[in-house]
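Undergrad: Residues 3 to 334, numbered by the numbering used here, are exactly what the sequence shown covers, in order.
Just so you know, the hints here were simulated from the structure itself, not pulled from any lab data.
Any given hint could turn out to be false.
BS3-like, lysine-lysine: derived pairs with alpha carbons at most 25 Å apart [stated by the list, open to error]:
{"no.": "1", "residue 1": "Lys-181", "residue 2": "Lys-324"}
{"no.": "2", "residue 1": "Lys-109", "residue 2": "Lys-140"}
{"no.": "3", "residue 1": "Lys-140", "residue 2": "Lys-67"}
{"no.": "4", "residue 1": "Lys-67", "residue 2": "Lys-109"}
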Amino acid sequence: MPNAIPQEKKKPSAVAKSIAAIVGIPIVIGLMLWAFLAPTFASGPAGVPIALSAPEPMQDSIVQKIEEGAGEDAPEIVVKHGEEEVRDAVLNREAVGGLVLAPEGAKAFTASGNGAPYVALIDGIASQLEVQGMSVEKEDIAPTTTDDPQTSGIALLGLPLAFGGVISAVIATFGFRGKKWTKLGVLCGIAVLGALVATWMLHSVYGTLGGSFVAEWAAIASGILATSLFTAGLAGLIGAAGIGIGAILTIFLSNPLSGLATGPWLLPAGWSTLGQWMPIGATGFLVRSLSFFDGQGSGSAWWVLALWIVVGLVLLVFDRSKSKPVVAEVAE
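Make a model of the complete structure from these sequences and hints.
TA: As structure tokens, then:
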């Protein structure tokens, strides 16, 4: 019986590939824009936590006025007992700001380290109290740096985190096939040195960050490594598609839902939680905590990054990629 001649798989024509590129790339651009715009346009102060301590009659009155004034966009009032509890709630990042009311006057605690919109929110409520004839003492208990009071540098951190994570995974995946421990070393090295450059620029050059340099460095390195290790580990297990999955998660979920510019509270409920479970969102929250809150309230973010790193490491352990065979040259 004659051997069957294997037929070559028909490749897409140049016309088909051209049409796919012309149509496909604009669709990706639209989806990318939607991923950023949809959360932004759905954002608002509804449910933003504000700590409040006041005698019961005053408490009910102020809560009612805040809710009536804001309507559907009313913040969530978290009742505390005493000034100390209000301060702790703000410093531990359980609330974006706080109010302490008493018959003789009020205190308004802001934390510009959370972001300018929350300071404006607390200032707005304080102004309403002043209109009613109450004296209000204001204090920023988690200030930003004088060099970058709007923390613009943190808002721009998303691109280096996303690029550093995805591109290092690409380099490790295609440059070191079948060498999982070399991949791990490359990924760790890029994360550490890349984070060092980013931290040096944000902390020492532009003065955005004002906490411990080493702690901020560790946070940014963990953020880069969380993305790169997961993406490279996935690629080592299922092939090049893993790079695509990692890039999609980073570009379409992790970055748009990170809340880097304003923190997570202004994002729609549910989406904000998802964003904080992604590497870029956790890194942004962690960097703010370390820079402006002496590390308070940062525990959950560390755990999120650790989880992504561990999952990525486990995936990398089962790396199934194989190195290309070396073809020896035959002398003529």
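Undergrad: All hints are to be evaluated individually against the structure, with a verdict given for each.
TA: Evaluation of the provided hints:
no.	hint	in the structure
1	Lys-181 to Lys-324	8 Å, holds
2	Lys-109 to Lys-140	6 Å, holds
3	Lys-140 to Lys-67	20 Å, holds
4	Lys-67 to Lys-109	17 Å, holds
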